[in-house]
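2 protein chains.
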Amino acid sequence: MSTGILAAHRARIEQRIDRWVAGLPDDPLYAPMAYLMRLPGKRVRPGAVLLAAELFGHDPDDVLDEALGIELFHNFTLMHDDIMDQAPLRRGMPTVHTKWNVNTAILSGDAMLVKAYQLMARDPEVLRLFSEHALGVCEGQQRDMDLERRTDVHVDEYTEMIRLKTAVLLGCALQVGATLAKAPSAERMRIGAMGEHLGLAFQLRDDLLDAFGDPDKVGKQRGGDLRAGKRTFLLIRGLEKSDAAGRTELREELGRSPEARDVQRMLHVLDELGVEAEAAAEVEHHHAMALDALDTIDVADARKAPLRELAQALLDRVH
Amino acid sequence: MSTGILAAHRARIEQRIDRWVAGLPDDPLYAPMAYLMRLPGKRVRPGAVLLAAELFGHDPDDVLDEALGIELFHNFTLMHDDIMDQAPLRRGMPTVHTKWNVNTAILSGDAMLVKAYQLMARDPEVLRLFSEHALGVCEGQQRDMDLERRTDVHVDEYTEMIRLKTAVLLGCALQVGATLAKAPSAERMRIGAMGEHLGLAFQLRDDLLDAFGDPDKVGKQRGGDLRAGKRTFLLIRGLEKSDAAGRTELREELGRSPEARDVQRMLHVLDELGVEAEAAAEVEHHHAMALDALDTIDVADARKAPLRELAQALLDRVH
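Chain order of the listed sequences is A and B. Oh and the first sequence: position 258 is 258 in the numbering used here, straight run, nothing missing. Oh and the second sequence: position 46 is 1046 in the numbering used here, straight run, nothing missing.
The following block holds chain A by itself, in its conformation from the complex (with noise of 0.2 Å):
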């Protein structure tokens, strides 16, 4: 989020999480979540809260505390997640289970999502958006494990299991931001569906940056969700090419353990395959759904200018 608009509202959430992390309890509890929220983030759910307020003619501020609540829930997910995957890092920084322990990052993000709840709590229609989105995202996180476990996996079983774990809840965010400001129901709907697309390319682009990024810049150690084994776009479309093409070096690495597999040269066959330019194409696929989405909103065009900056700065982004 680069010019006027963005900056502005990054900084306006900024504040208000500050504002929060200063009135928690002094309390082992509430530790792990003040740690985690300061963590730098690019705050893009909450931005997308305050970005579709104003789209429909509604004071961003008003809607703070429930951008708030969707970036709390936000982080409540990465605590539990990167419990399950066993994540040392995130954000560059040591995750919570590393720094306390894994009781203290299972009872603090609990405490976290019943935070997150009193500050979705205004509005019955953004509460009801709010408890569904948040059943879809644990949905994607069990699919996700599951698909772990698998190697026959389908390409449209991955996209489904990121429209659930990540792309539903910027759809949700931008829904939570229309509904407070009084937005028709199909405006919305065309909303939410343009937080969906939104969602997916940026999946999708982390799924590329953890794998061809700058390791430096993405705060992760290069093609760690290969060396896991992870079933990303890139490891799906990967085998299925390679079995098409009788290329046998991922089944191999896949077989040594996570330690042992030479993750170079995973990604040199990626690459060879044309595995990364399908990948990239299919964010930029997401990102033309999601401007033809705003498109038909019916709003004066020049007020979707800052959504469609968002969408490219999440398109340009390089961590």
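Note that these hints are calculated values from the structure, not bench results. Beta carbons: idealized from backbone N, C-alpha and C, even for Gly. Where hints are given, some of them may not hold.
[Stated by the list, open to error] Computed footprint of chain B on chain A; a stretch qualifies when at least three of its residues, placed anywhere within it, have a C-beta under 8 Å from a C-beta of chain B:
no., segment
1, 112–120
2, 123–133
3, 140–153
[As the list claims (entries may be wrong)] Just a sample of chain B residues kept apart from chain A, beta carbon distances all over 10 Å, derived:
no., residue
4, 1027
5, 1029
6, 1087
7, 1094
8, 1111
9, 1128
10, 1163
11, 1214
12, 1221
13, 1230
14, 1257
15, 1264
16, 1280
17, 1301
18, 1312
[Claimed, not checked] Pairs of lysine-lysine residues, derived as DSBU-like cross-links and limited to a Cα-Cα distance of at most 30 Å, are as follows:
no., chain 1, residue 1, chain 2, residue 2
19, B, 1042, B, 1241
20, A, 99, B, 1099
21, B, 1042, B, 1230
22, B, 1099, A, 230
23, B, 1182, A, 99
24, B, 1182, B, 1099
Chain A is fixed; fit chain B onto it per the hints.
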């Protein structure tokens, strides 16, 4: 819950749970919830919601969703607490993280909390109460873990911990029923206080049953808390009285690894020092306080009979 109204309420609750389980999506995320909710339970908390509503002249059938929500929340805390406590058994059956795995127990528990919220969303004041008390329960679990690492716990710290971890949820259940029945605020406070005292009596009775109950009826190993070195009322007072009497058996046993602890010897010391009797007196004290709170509520005395019966059932229970 033996007689008429309590048994009828329990049947209503079981029926509502069955309907809820039958409506769950066919997804691995939900199977552990169904499993835990179908284990035989006393249904004290949802029963309390119905009884409180009825006390203030409200149809108990109208508050079944919130009663289910409270029971879901309670079971969510059990699912996560069992991970943290590394408990193999719950109600005599394998815990969720044992039957499935830790990741499934974390994630299914998270989704269960969201499902609980969906049922608590009808009334804003109920929602507010629920979030406030849910945080209290998390704070209580945090203190429980903190106390376990210390050898110098005072009995007042223990009582405050179990108040948060266990008692506030029973107080919350009663307040939820009273709130939905549109009881005046002062009456809601009184029934909340009744619930907290009842909850304290309930938990202290649990401590007693863990040590001195019949293992076949209790459904877990006798003295499991003592073996784990868990700071309960019995162990804390046992250590205090041992130190005063110059007896060292308890500290000797705590110095050993859990597997090597002589639980029979520990039980014998607690009995000789009169700690069992002291705990039983504490149970009686909080039971009496609960009944005192009920007495101050401005409702015809005859209508209070089912709540008195509930209090007695909790005191008399053997498991």
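Verification of the hints:
no.	hint	in the structure
1	112–120	holds (count 5)
2	123–133	holds (count 4)
3	140–153	holds (count 4)
4	1027	6 Å, violated
5	1029	4 Å, violated
6	1087	13 Å, holds
7	1094	19 Å, holds
8	1111	4 Å, violated
9	1128	7 Å, violated
10	1163	15 Å, holds
11	1214	31 Å, holds
12	1221	21 Å, holds
13	1230	14 Å, holds
14	1257	20 Å, holds
15	1264	30 Å, holds
16	1280	31 Å, holds
17	1301	37 Å, holds
18	1312	33 Å, holds
19	B:1042 x B:1241	34 Å, violated
20	A:99 x B:1099	28 Å, holds
21	B:1042 x B:1230	24 Å, holds
22	B:1099 x A:230	25 Å, holds
23	B:1182 x A:99	46 Å, violated
24	B:1182 x B:1099	42 Å, violated
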